[in-house]
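Novice: Here is how the chains run, residue by residue.
Number of protein chains: 2
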Amino acid sequence: MAQPTYLTDHQARFLEELKDWLRIPSVSADPKFHGDVLKAADYLKARLEAAGVQDVELCPTAGNPIVYGEYRAGDDKPTVLVYGHYDVQPADPYELWTSPPFEPVIKDEKIYARGACDDKGQVYMHVAAFEMMMRDGQGGVPCNIKFMFEGEEEIGSVNLELFVRANRDKLRADVLLLSDTGIIANDVPSIEVGLRGLSYHEVEVTGPGRDLHSGLYGGAVQNPINALCEMIASLHDANGHITIPGFYDNVAVLSDDERTELNKAPYNDDEFKQSIGLPDTYGEKGYTTIERTSIRPTLDVNGIWGGYTGEGAKTVIASKAFAKISMRLVPHQTSDEISQLFQKHFESIAPQGVVVKVKPHHGGEPVVTPTDSVAYKAAADAMETTFGKRPIPTRGGGSIPIVAMFKNELQLDAVMLGFGLDSDAIHSPNEHFGVFNFLKGIETIPHFYRNYAAAESR
Amino acid sequence: MAQPTYLTDHQARFLEELKDWLRIPSVSADPKFHGDVLKAADYLKARLEAAGVQDVELCPTAGNPIVYGEYRAGDDKPTVLVYGHYDVQPADPYELWTSPPFEPVIKDEKIYARGACDDKGQVYMHVAAFEMMMRDGQGGVPCNIKFMFEGEEEIGSVNLELFVRANRDKLRADVLLLSDTGIIANDVPSIEVGLRGLSYHEVEVTGPGRDLHSGLYGGAVQNPINALCEMIASLHDANGHITIPGFYDNVAVLSDDERTELNKAPYNDDEFKQSIGLPDTYGEKGYTTIERTSIRPTLDVNGIWGGYTGEGAKTVIASKAFAKISMRLVPHQTSDEISQLFQKHFESIAPQGVVVKVKPHHGGEPVVTPTDSVAYKAAADAMETTFGKRPIPTRGGGSIPIVAMFKNELQLDAVMLGFGLDSDAIHSPNEHFGVFNFLKGIETIPHFYRNYAAAESR
Chain B
1 MAQPTYLTDH
11 QARFLEELKD
21 WLRIPSVSAD
31 PKFHGDVLKA
41 ADYLKARLEA
51 AGVQDVELCP
61 TAGNPIVYGE
71 YRAGDDKPTV
81 LVYGHYDVQP
91 ADPYELWTSP
101 PFEPVIKDEK
111 IYARGACDDK
121 GQVYMHVAAF
131 EMMMRDGQGG
141 VPCNIKFMFE
151 GEEEIGSVNL
161 ELFVRANRDK
171 LRADVLLLSD
181 TGIIANDVPS
191 IEVGLRGLSY
201 HEVEVTGPGR
211 DLHSGLYGGA
221 VQNPINALCE
231 MIASLHDANG
241 HITIPGFYDN
251 VAVLSDDERT
261 ELNKAPYNDD
271 EFKQSIGLPD
281 TYGEKGYTTI
291 ERTSIRPTLD
301 VNGIWGGYTG
311 EGAKTVIASK
321 AFAKISMRLV
331 PHQTSDEISQ
341 LFQKHFESIA
351 PQGVVVKVKP
361 HHGGEPVVTP
371 TDSVAYKAAA
381 DAMETTFGKR
391 PIPTRGGGSI
401 PIVAMFKNEL
411 QLDAVMLGFG
421 LDSDAIHSPN
431 EHFGVFNFLK
441 GIETIPHFYR
451 NYAAAESR
Chain A
1 MAQPTYLTDH
11 QARFLEELKD
21 WLRIPSVSAD
31 PKFHGDVLKA
41 ADYLKARLEA
51 AGVQDVELCP
61 TAGNPIVYGE
71 YRAGDDKPTV
81 LVYGHYDVQP
91 ADPYELWTSP
101 PFEPVIKDEK
111 IYARGACDDK
121 GQVYMHVAAF
131 EMMMRDGQGG
141 VPCNIKFMFE
151 GEEEIGSVNL
161 ELFVRANRDK
171 LRADVLLLSD
181 TGIIANDVPS
191 IEVGLRGLSY
201 HEVEVTGPGR
211 DLHSGLYGGA
221 VQNPINALCE
231 MIASLHDANG
241 HITIPGFYDN
251 VAVLSDDERT
261 ELNKAPYNDD
271 EFKQSIGLPD
281 TYGEKGYTTI
291 ERTSIRPTLD
301 VNGIWGGYTG
311 EGAKTVIASK
321 AFAKISMRLV
331 PHQTSDEISQ
341 LFQKHFESIA
351 PQGVVVKVKP
361 HHGGEPVVTP
371 TDSVAYKAAA
381 DAMETTFGKR
391 PIPTRGGGSI
401 PIVAMFKNEL
411 QLDAVMLGFG
421 LDSDAIHSPN
431 EHFGVFNFLK
441 GIETIPHFYR
451 NYAAAESR
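From first to last, the protein sequence lines stand for chains B and A.
Sequential numbering from 1 applies to the first sequence in full-length UniProt numbering.
Sequential numbering from 1 applies to the second sequence in full-length UniProt numbering.
Chain B on its own, in the form it takes in the complex (with noise of 0.2 Å):
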């Protein structure tokens, strides 16, 4: 294994420019940082130009821009289409932070802050990666690469495939490469094949016209939050199954074998469980932990809330209670039908005295990716290069939607070279990555480009 002694040298202050990048708040979901995540577009340009990409644009769309970039290699050059997202998710509860989500630490070898892995860590790997190849002596950047970052990943990518249709001649690629999913373990490489999509949404149930005293009229309305549970509370039986009618007509049945294939992977129970603090795991019945994560559809409540919630008693019986309901769906359920059937089945169900309105939020499409590709190929040769060990190709449980949409706009194919942990705790307080990930995923990257153009030009 090579000596890389260009990421030796210059790797303190990669994670410099890393952290001052995660220092802006670039929160999508919330407008009032929409100034902030301006700050860390430009701040991502100005990075990509520095490592010798030509041609840095931001470009307009009707929400956040986009941040795109070319390298030139040569006609004669395979071209990759690299994608990832400069927005991040909400912070909140700021108070279970241990450090200020925007103020990025390095503690036990880990950056904490809100987007360290997802997905600004991730992207920062390829910038870095990219500088390298340029520069290390080692050849030069062997393929053309097109760099399209994101600014509303977070927030269901509606620009972005508008984007995408009106400069398909620009965007045109060989294979699509991106970095926001994870390994199973820093010791067990691992690439994602295959994702789960995503059906969103917001769901109000009114009762009275105006909050009401529990006492002078408890007992003589439809409480919206009592009816509120009690719908969530049927769309689930017993045995973990969802009830919402039509829900599974669509998804692929796995063989005996394929499931077999599936649970090689390793899990441990006790592991698993210790990981986030789990007093036991919870399912679907007849699937195990690794299936009821990859190959089967869920529904979880991501939020809900209604009536006083502050300190102390106050006895009100309020006018709504809200939810934000998400399915994870797999093939071959799309998110148009799912989010139809969920919104019907819903509506439907409405206690007496209560009205209820669904609100749908962005969706994605689940997706496998084929494993037997010359660019998987390529990525599995690569980290077997800088790990030292064969990556198990494993099916996750989120979502990027835009994958799908990438193979629906472009026909390009996706090789989801990820770099990150389970345990890193995205999308929750604390989020973290590994500086060994950080700097595996930079080491890695220039293995796949010379890898790919090496098995394209044969």
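Simulated from the structure, these hints should not be mistaken for laboratory data.
All values reported here derive from a predicted model rather than from experimental measurement.
Once the Cα atoms are required to be at most 25 Å apart in a straight line, the calculated DMTMM-like pairs of lysine to aspartate or glutamate come out as:
#1 K377/A x E456/A
#2 K32/B x D92/A
#3 K107/A x E95/A
#4 K359/A x D280/B
#5 K357/B x D92/A
#6 K45/A x D30/A
#7 K273/A x E204/B
#8 K45/B x E17/B
#9 K359/A x E311/B
#10 K39/B x E161/B
#11 K39/A x E311/B
From chain A, some residues computed to sit far from chain B (all C-beta separations above 12 Å):
#12 V56
#13 D76
#14 I106
#15 E384
#16 E409
#17 Q411
In this text, a Cβ means the ideal position worked out from N, Cα and C, and glycines have one as well.
Once you have looked at the hints, place chain A on chain B.
Specialist: Structure of chain A alone, referenced to chain B:
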């Protein structure tokens, strides 16, 4: 009907003094208003002194002080203990108020402010009525009066009970008079003779030790919000009955005649629904709306929260979910008994994969007061004089736990001479109190004292 000249001359000042008092946000549930709670006590003390009450003092407790003062008419006169409270409910959600909750305004002949009716407005009727008796030349104050106003009614009157126990002699009286209830309508006077009790709890459901990404973990862990919803939903059956084992064991069953009598109170379903913007009434099968809000116990969720409740979408599985759940009790349920049944049952229905904690808040006992007493008759006669109609005895749905406490500790029966309306939105945004009701209270109270003194000395 005598012309109440003194009241006519001074009503504008009484309203201004009440408004000054309402400007002080005496929210007892929230520590940040503690200074204002003390200010509201001082204001009340000063007004009682100005009206002519002797020896007004702020009696310290472990919590907020009790404002106490006496008027001594003579040893041959009956003694009335007047109770009320100067603390108010929290005002949130502030954004639903059409004018700020602590900037009282009179609109459409109603005073709008937090506490306008519950209970500052009704307490101030007693201050003004006392002043009027002292000065209107109609014979002076015919009873001994002990005024006792607490500052913790909205948080469970915890320290009041200790104060009462420690001051039995000081508080010795013939009857308890309070104005913290209402009448059916301005042209349908009524007196509450029954109140429901209360058992109030906060519950906490914990699943994983930290918030999780719903994609990576969804399907493999019990979601505490879904679990909480399932638990809450199971607390009622399809007929609206409460499923806690033993819950109804001690509920007093009314005879058919008693139920017929109860249902004679004016009630119009359309008006009821319209008054609170209700799509439909809903409640326990087999009972009318009047019965559901008076002689039947209830269970309502007063607040629920967990997970992401901000703008947009966050794909998170929360570590914890919370709810505030209260039950209204009827004779002969007791708060202790029901709290124990609830806690035991709620913990027992925790589904696999979550841990449940139940934290009891304050409770209160249900009560029925006599309608054949001298004091009740004095109150009914007073209302008949000022309203021109005999008041209807009603059983209210709310809880004033101290009424049962005074009965137990001091063997005092209560007369609940309240002047509010159900539509006053107490505990809700836009609480208000009719100027008619405020003035009618001031006018009526002296008649009560005169009737009561005359009957007791007969």
